[in-house]
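These are the residues of each chain, in order.
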Amino acid sequence: MFIATSVSSGTVVLVSAVFLASCVEMVEALTIVLAVGHTRGWRSAFEGTGVALLVLSALVAAFGPALVHVPLSILRLVVGGVLLIFGMQWLRKSILRATGLKAKHDEDAIYEETVATLRATGATPGRDRIAFVMAFKGVFLEGLEVIILVITLGTSSHRIGLAAAVAAVAVVLVALCGVVVAKQLSSVPENALKMSVGILLVTYGTFWSGEGLRVRWPGGDSMLLGLAGVYAIVTWLFVLALRREVGTRNAVTSA
Amino acid sequence: MSERPSAIARLVKGFGQFWWDFLVGDTPELFIAALVIIGVTALLSETGHFNGAAIVVLPVLAVLALATSLLRAVRFSRRK
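Top line first, the protein sequences correspond to chains A and B.
With this note's numbering, letter number 162 in the first sequence gets 162, and the count goes up by one each step, no holes.
With this note's numbering, letter number 21 in the second sequence gets 21, and the count goes up by one each step, no holes.
Looking at chain B on its own, in the form it has when it is part of the complex (with noise of 0.2 Å):
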């Protein structure tokens, strides 16, 4: 007979289910992409004009990718 998990491991899971639900969900992309979009710009920064560029590129690809999540829910919705 297997045991019911304790209150403090359900408390846990509950609270790890909860940030997983938040971030990511049903859009992955969306998570990557802010990791991205960070990454890129902290990349920038080691480059000479850091702050002209990362003033463009952070909504650019901020930008790029919502149209990149859109394209993906409307593929999705042309399949069913």
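Here chain A stands alone, though its shape is the one from the complex (with noise of 0.2 Å):
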């Protein structure tokens, strides 16, 4: 039997957005969750995971369905402006780290960090609290992240289903990626990523803002196609610009 199926540019837009972010917030938790597991032991990485798991479920069941309830103009509006804020912190940040301004983030420092930090701290007897609360924090922090831009995004397109399947699916293969990688998570090009989610949460935010304020784009979803061109460019130039400013200074410096 013929399934005839049709993708509109505003699913494929909604799936790349929640997917990349998803791997990005889920590579950083984990980083920590892999060094509390080599340095103190799997049992209380497992624990602080499983319960920060929990929590984060909980919070969607009990904020998740009433947003359903708020006027979709206003939620738009609410939700354009908070995408087009963190979009924008991103996709300045990823620039920053591709000029080499600013510090690029490194997973095998930051793993090396956190398993400094634990072996400064000696065991304690019974539960590894410490561990647990080292795995709970950084599962709990970076899953709430995620999850923050699924009911965002999957509420305002009506396709919180779908954006919390892509996310699902982003977090076993990242999980299923640790187990076989261990922790060479620093391969995973996360600049470029978080550039490209950057692109994507910029382009929601400015559809969505205009949809809350009762702007027709024309064209549909299919604008989100357009913007996130336009703004896929500026980046470019931006980077461009940015690596020449560099280049300059370092030259004046070293002459």
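I should point out that these hints are in silico values taken from the structure, not numbers from a laboratory.
If you're wondering where the values come from, they're calculated on a predicted model, not measured in any experiment.
Every residue gets a Cβ at the ideal spot worked out from N, C-alpha and C, and that includes glycine.
One or more hints might be untrue.
[Unchecked claim] To give a feel for the contact side, a few chain A residues facing chain B, derived at Cβ under 10 Å:
id, residue
1, K93
2, I148
3, T206
4, S209
5, Y231
Work from the hints to combine the two standalone chains into their complex.
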């Protein structure tokens, strides 16, 4: 039987944004969990992770359905504003990292730092509370960011199920990669991922801020691809301009 | 002797701190810029050519906000 399917450009952008953002956040959480597991044992690492996932699930169950009752124009305006801020923050950071104006997010360095912190604190009798809290905080804080993105992106586009499923796939994939690569998470091209997510979040932020204020975008959802293209070109130009600035500065310093 | 804040007070403080870091953090200019972008677009809705103007103004202001924040970062790095 032939099943006709149509995938709108809005769906493509939604899936890409949720998947890439979830991957970036989960790599950060996994780095901490692996550091805790390797240093203080896997029991506390898994317990901290499990409890964090339970609390996150409870938060979704408590606040997720309530958002459905908020008028769509208000929801899209608020979500658009939040995504605009968050997206510009990510884009700014990734542009500065790509041009050398900010140190790259080094998972190996974070791993070593976490291991050093854990080794500095001696073992506690009974349950390892420090290891538990460290794993819990890592998973909870990074997971909270994923949940905010899933709820905001999913609710505003009426595809909360799809957004949650895509995030779950990303979490499982990153976890599997973690098992395979152990602690070599630095090989993940995190800045490129972050830059792509930044572009997509600013795209959604612009689109939904406009929809919340009753702007009718030409082409409807297709405009998401147009906006993403514009922001991608602008990002590339910013990177080129700042690389030139850094190059000139280095030449003056070494002269 | 000062009393330790209650669990609820710490929870509320932590919740507020999370949102502050999430939305403002070390880039307050981007937070303000987003409010300005939405405010300007809302003001445009009072004019006759709202839709056409908003389609251009929204992304242009977002790019300008990003450029301003990047310039601020460059200036800061020059001082170091």
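How the hints compare with the structure:
1. For A:K93, the suggested interface contact is upheld, since its CB lies about 9 Å from the closest CB of chain B, less than 10 Å.
2. The closest approach between the C-beta of A:I148 and any C-beta of chain B is roughly 8 Å, which is under the 10 Å cut-off, so the hint is satisfied.
3. With 10 Å as the threshold, the beta carbon of A:T206 comes within range of chain B, its nearest partner Cβ sitting at about 5 Å, so the hint holds.
4. Because the closest C-beta pair between A:S209 and chain B is about 6 Å apart, less than 10 Å, the hint holds.
5. At a threshold of 10 Å, the smallest CB-CB gap from A:Y231 to chain B is about 7 Å, leaving the interface hint in force.
Every hint, counting from the list given before, is met by this structure.
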